[in-house]
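**Student:** Heads up: the protein sequence lines correspond to chains A and B, in order. Sequential numbering of the first sequence, starting at 26, is according to the working numbering. Sequential numbering of the second sequence, starting at -15, is according to the working numbering.
Going by beta-carbon spacing under 10 Å, a handful of chain B positions derived as facing chain A: (1) Tyr50; (2) Val53; (3) Glu63; (4) Val77; (5) Cys78; (6) Ser81.
Keep in mind the hints are simulated off the structure, nothing from the lab. We put the CB at the ideal spot given by N, CA and C, even for glycine.
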Amino acid sequence: MRQMKPMQRVTLRAGRLLLVLAVAVCASAGTMFAVAFGAGSSGAQHFAIFTGRASVAGSGTTAAGGIAPPAGARLAVVAGSNSVFAWQPSNAEICVVDLEAAGIGGVACDRTPQAEAHGVVLALRPGATALAGGATLTTAVLVPDGVSTVSFVDRSGSIRTTAVENNVAVLADAQLASVRYSIPTGGEFVQPIPTSPAPASAAPTPGSE
Amino acid sequence: MSFLKTLGRRFRTVLLVTGLVTSAATAAVTVPGASGTNLPYSCSSCTYKKGPTNYVRNNEGINYSYNGVAATLWKSNGEFVQEAYSSGYKALVCHKSGEFYGWGDVATRDGGSAHLAGREDNYAGCE
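This is chain A alone, in the form it adopts within the complex (with noise of 0.2 Å):
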C-alpha cells in the first residue's frame, strides 16, 4: 500500500470530519421539519371523524346547493342552508370547510397539534347578494373528541349551548360574537367572532395594490 503523506491525511480526515456533520445536519432539519409540520402526527385519533368511529356521510357528498366539497372532506352536519365538513388535506393541517346553499363557502384549517388541542373555527360572513339568497353569518367548529357541547354568545351576551354532532358545532347568527368551549387537556378556549369584514376601514381602495 502506498504510503500516505501527512497532508493527504489531513485531508482525508477533513472529508471524513465533513461528511459527518452533513449528515448530522440533515437529520437534525429532518426532525426538526418532521415536528414543525406534524409528520408522524395523522390527527385521526383526536377526531372520531376522521377514524369512522363517528356516523358519517363519507366522502365527496355533495353538499345543500349541489356544490361538491373538496375531496377527501367528511360531512360531519347539515344545518338549514349549510353543509358542514372536516377535512384533512394531510398530516399537516386539520380544517372545518362551511359550503352554503346560497353560493358562498369558506374553509379554515390550523396546524395538526393545535388543531388537536383546541379545535378550529371558521366565521362564515356572507355579502349582500348572498345575504339577500338566505345567507346570514355562520360560525362552525370543528372541536377534537371529549368537547360535547359549544356555547355561541351573541352582542347582547346571551348564550345558546350546542351539543357536538360529529365532532362539529355549527350556529347561523347575524351577532354572534364569541365561542367557546371547556377543551379535553383543560381550560377554555374562547375565541372572539369579528364584527365586520377586515379591515372595514381599508376597504375599498381600488388600485392600491
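Since the structure of chain A is provided, determine the placement of chain B on it from the hints.
**Tutor:** Chain B alone, transformed into the frame defined by chain A:
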C-alpha cells in the same frame, strides 16, 4: 437579377407573415385570460394585504404568525362579497356562484403585524 429580386421580395413577405403569426401566438399564450387567474400576493410584515384586481372566485389567506386570519372577496366596485375568518393559520373563501371581476385580501384579526400571504384564483374547486 430580376428573378433574384422577386425571390428576395417573396422571402421577405414569408418572413414577415411568419413573424406576425408567431407574435400573435405568443401573445395569445402569454396574456392571461379570464379563465386562468392564479395570483399570489404577500407582505413580510403587515396587518392587511390587498390582492390584485382580476377575475376571481376563490381567495386564500395565510398568517405565518399563526394568530388567526381572515380572507375576503370584494367586487371591483367595492361591494363586499364574503369573508371567511379562521381561528387557525389559514382561511379560504370560495364564491361558488362563479367568477367575478374584483379582488381578494388577507388580514390579521388580532391587530398585530404578521407575514401574510394570499392567493386569488378562479378555479371551480373550494380547496
